[in-house]
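Q: Chain by chain, the residues:
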Amino acid sequence: MAHLNDGTLRRMIDDPDARAGADALHLETCAECKSRFEAVSKDALAISRLLAVPDANVNVARALQLVRSAPEAQPRFGFRLPVARPGSRPIVIGLAAAAVAVALMVVALAQGGVVFAPSSVTPVPVTLADMQALSQLSSYGTVTWTEKPQVQVATSAAEASTLSGLQAPKVASLPQGVSSNLTYVAMTQATAEFTFSAAQAAAAAASTGKALPKMPSGMDGVKLTVTVGPAVGEVYGNLTAPTGSDLSQANLPELIVGKSSAPTATSSSSQVTVKQLESYLLTLPGISPELAAAIKAIGDPSTTLPIPVPIQYATSSKVQVQGVQGIALGDNTGVGSGVIWVKNGVVYAVAGTIKQSDAINIANNLK
Amino acid sequence: MSGVRSDDESFNALFTAEYARVVRIANRVLADPHEAEDVAQEVFVDFHRLHSASAQYAPAWLHRAAAHSALNRLRGARRRHQREIAQAVQESDRTLDPQKQLEVDEDRRRVRQALARLAPKPAAVLVLRASGLSYAEVAQALGVGIGQIGTLLRRAETSLRKEVTRGTSE
Numbered sequence: 000m001a002h003l004n005d006g007t008l009r010r011m012i013d014d015p016d017a018r019a020g021a022d023a024l025h026l027e028t029c030a031e032c033k034s035r036f037e038a039v040s041k042d043a044l045a046i047s048r049l050l051a052v053p054d055a056n057v058n059v060a061r062a063l064q065l066v067r068s069a070p071e072a073q074p075r076f077g078f079r080l081p082v083a084r085p086g087s088r089p090i091v092i093g094l095a096a097a098a099v100a101v102a103l104m105v106v107a108l109a110q111g112g113v114v115f116a117p118s119s120v121t122p123v124p125v126t127l128a129d130m131q132a133l134s135q136l137s138s139y140g141t142v143t144w145t146e147k148p149q150v151q152v153a154t155s156a157a158e159a160s161t162l163s164g165l166q167a168p169k170v171a172s173l174p175q176g177v178s179s180n181l182t183y184v185a186m187t188q189a190t191a192e193f194t195f196s197a198a199q200a201a202a203a204a205a206s207t208g209k210a211l212p213k214m215p216s217g218m219d220g221v222k223l224t225v226t227v228g229p230a231v232g233e234v235y236g237n238l239t240a241p242t243g244s245d246l247s248q249a250n251l252p253e254l255i256v257g258k259s260s261a262p263t264a265t266s267s268s269s270q271v272t273v274k275q276l277e278s279y280l281l282t283l284p285g286i287s288p289e290l291a292a293a294i295k296a297i298g299d300p301s302t303t304l305p306i307p308v309p310i311q312y313a314t315s316s317k318v319q320v321q322g323v324q325g326i327a328l329g330d331n332t333g334v335g336s337g338v339i340w341v342k343n344g345v346v347y348a349v350a351g352t353i354k355q356s357d358a359i360n361i362a363n364n365l366k
Numbered sequence: 000m001s002g003v004r005s006d007d008e009s010f011n012a013l014f015t016a017e018y019a020r021v022v023r024i025a026n027r028v029l030a031d032p033h034e035a036e037d038v039a040q041e042v043f044v045d046f047h048r049l050h051s052a053s054a055q056y057a058p059a060w061l062h063r064a065a066a067h068s069a070l071n072r073l074r075g076a077r078r079r080h081q082r083e084i085a086q087a088v089q090e091s092d093r094t095l096d097p098q099k100q101l102e103v104d105e106d107r108r109r110v111r112q113a114l115a116r117l118a119p120k121p122a123a124v125l126v127l128r129a130s131g132l133s134y135a136e137v138a139q140a141l142g143v144g145i146g147q148i149g150t151l152l153r154r155a156e157t158s159l160r161k162e163v164t165r166g167t168s169e
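Chains as they are written, first to last, in numbering that gives the first Met the number 0: chain P, 0 to 366; chain D, 0 to 169.
Calculated from the structure, these hints are not laboratory results. Owing to the predicted nature of the structure, the values given are computational and were not obtained by experimental measurement. Glycine residues also receive a C-beta, built at the ideal position from the N, C-alpha and C atoms.
Stretch by stretch, here's where chain D covers chain P in the computed footprint (C-beta under 8 Å, at least three residues):
| no. | segment |
| --- | --- |
| 1 | 7-16 |
| 2 | 34-43 |
| 3 | 47-54 |
As a list, the in silico DSBU-like pairs of lysine-lysine whose alpha-carbon atoms are at most 35 Å apart:
| no. | chain 1 | residue 1 | chain 2 | residue 2 |
| --- | --- | --- | --- | --- |
| 4 | D | Lys-120 | D | Lys-161 |
| 5 | P | Lys-41 | D | Lys-120 |
| 6 | P | Lys-366 | P | Lys-147 |
| 7 | P | Lys-354 | D | Lys-120 |
| 8 | D | Lys-120 | P | Lys-366 |
| 9 | P | Lys-317 | P | Lys-342 |
| 10 | P | Lys-33 | D | Lys-161 |
| 11 | P | Lys-342 | P | Lys-222 |
| 12 | P | Lys-41 | D | Lys-161 |
Here are some chain P residues the structure puts well away from chain D; computed CB gaps all over 12 Å:
| no. | residue |
| --- | --- |
| 13 | Asp-219 |
| 14 | Thr-263 |
| 15 | Val-345 |
So here's chain P without its partners, still in its complex pose (with noise of 0.2 Å):
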């Protein structure tokens, strides 16, 4: 019989079922497996007293009460937005420009009863404030989940298909320096309702001591829905994924590529124009007339994904992509860059901390 591999000798020590058998019968008469077998024993027990800690006392009930005293699940548009301070590693900006993306599109979709569709991208230059006014859209009305959305982390590509019902898209190679640590993540479908909500507008900008707009009548109650997802991205580096929204406790991927389908949103109500809309949400106290601009300027809102640029933090120029159009960010430094384009109702982005032409080069050999 051949000797017993070091897992097997491990379970052995903590398994007493598993020392039962062949196995046990040859750990016993192979000086050779008994010897291993010692030495993985004593590795064990070593690392069982480095890693001992106090035991630490929990009232449960106490701590039951703590969480189910934190704020109730409000989804948001997006993630929640990390803090953005001068310094912050472009690709933490990156996410919360994801964030801001689909705050965007809801500011700059929605003719009534017509179907936000991209099917091109459009970069839309943002400053922090910004964005840190769009994240606080969630207020001016409720957010509900129809369709949570359920993100996991898969072992495999084929599970991750499996989960999100999308192809997971390849790297043709890895440029230099990048870890092949390779995590899938899967999210489902998800969609959620916005209601907008005079009184809670208002009682938003009270509490922040902001006066707010009027808000264009026939918007109370405006209902919008945005679906988001599928996706499945793969993630490469040395890390673990988020647990949470916090993604300040994640730590930072070198690649990531991605691939959704594209987003979609329809608006309940045909008596607000598309117009009033734009106009009343780019007054909200915050956004730049650069923004407001930027915005108005989207020649068809229903068939264009806006793409938030940072622009303290990236530069955004046109590239051609897997024969469509589509957004090339940041430089080559290799501090960070990424592109993002829409090919067939598929939203597609590449982002690392690598330089922008090795970025270009995956998203035109990704399959």
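Based on the hints, put chain D in the right spot on chain P.
A: Leaving out everything else, chain D in the frame of chain P:
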């Protein structure tokens, strides 16, 4: 008792069944009971936001999230050293003489640094197993086959020992 539980009841039951264990996992990583409770509560709040408490995967999700959140904190926290020492003195066996106590503290700090340097998976295997999870529970939490746990554990122990030694010789 009725066969169908409300969401609230399911969550309360899940919380009561798993809270202590989730804290234990985080404490194993952080060696700080208070911070471990912070992590555990965050993990439950996050879970509650996105998942149903009656989901079959709930305990496995919580265990994994506890390990990874705590490890992320450990990796992110550079100034933990001081707090950890203070905490350890406060919480641990005070019958040790001061010299011995210093050594325990120093060991604990070194092990945490080493743990922070391990890749996420081996670090999680070690922490989950050391927190008393069975092989089957560790396997579920990490989404791997139960047959792999012995091997993963052995490799992780070897890596941690190397990292601790490296930390000492630096």
